[in-house]
Structure formats: structure tokens, C-alpha cells
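First residue of the sequence shown? That's 1 in the numbering used here, and the numbers climb one at a time after it.
Calculated from the structure, these hints are not laboratory results. Every value quoted in this text rests on a predicted model; they were computed, and no experiment measured them. Accuracy of the hints is not assured; some may be wrong.
Pair by pair, the computed Cβ-Cβ distance ranges are [to be verified]:
{"#": "1", "residue 1": "Ala-23", "residue 2": "Ser-3", "range": "30 to 40 angstroms"}
{"#": "2", "residue 1": "Lys-18", "residue 2": "Gly-53", "range": "15 to 25 angstroms"}
{"#": "3", "residue 1": "Val-8", "residue 2": "Tyr-37", "range": "16 to 26 angstroms"}
{"#": "4", "residue 1": "Gly-9", "residue 2": "Leu-50", "range": "26 to 36 angstroms"}
{"#": "5", "residue 1": "Pro-22", "residue 2": "Ala-48", "range": "16 to 26 angstroms"}
{"#": "6", "residue 1": "His-4", "residue 2": "Asn-47", "range": "29 to 39 angstroms"}
We put the beta carbon where it would ideally sit given N, CA and C, even for glycine.
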Amino acid sequence: MPSHRFTVGQMVRLVTTKGLSPAAAVTYTIEAPMPAYQNSPQYRLWNAELHQGRVALERDLEAVGSL
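Assemble the whole structure, with the sequences as input and the hints as a guide.
Here is the structure:
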């Protein structure tokens, strides 16, 4: 089983917003790791500004502020 790359509290950005509402947030905070789906770890995410949560696959995320 793949290991999780991101940690709770870390800021991430959705790599693609295809299919999302224009009002959907782009950046989120990792709330919790979840079991893998289709061989990719998943995370529960939260955007406090928009009071918006979602679940995303690790392959669809990138760290905010990473070099």
C-alpha cells in the first residue's frame, strides 16, 4: 500500500480544477489521511475561508509553497 506524502495541517493546491464549480476553492489544508483508492492515497481536505471540504487523491494535489 502506498504511503501518504502530505501531513495533517499542510497546505495543498488542487492540480486540476476540471469539472469543479468556479466557486470551488483551489487551496486546502490536509485534515486527515484516508485509505488509498486506485493505488493513490487519499486525503480529507478543508478550506476554512469558504467553509468547504472535499476528498482528493494524492496524485491530484501539490504542496503550496514547495520549491
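Tested hints:
A C-beta distance of roughly 33 angstroms is found between Ala-23 and Ser-3, which places it inside the suggested range of 30 to 40 angstroms. Restraint check, Lys-18 to Gly-53: a C-beta distance of roughly 19 angstroms satisfies the suggested window 15 to 25 angstroms. As the Cβ distance of Val-8 to Tyr-37 is approximately 19 angstroms, the hint placing it in 16 to 26 angstroms holds. Separated by about 18 angstroms at the C-beta atoms, Gly-9 and Leu-50 break the suggested range of 26 to 36 angstroms.
Checked against the given bound of 16 to 26 angstroms, the beta carbons of Pro-22 and Ala-48, roughly 19 angstroms apart, stay inside it. One distance hint, 29 to 39 angstroms for the beta-carbon pair His-4 and Asn-47, is violated here, with the actual separation near 20 angstroms.
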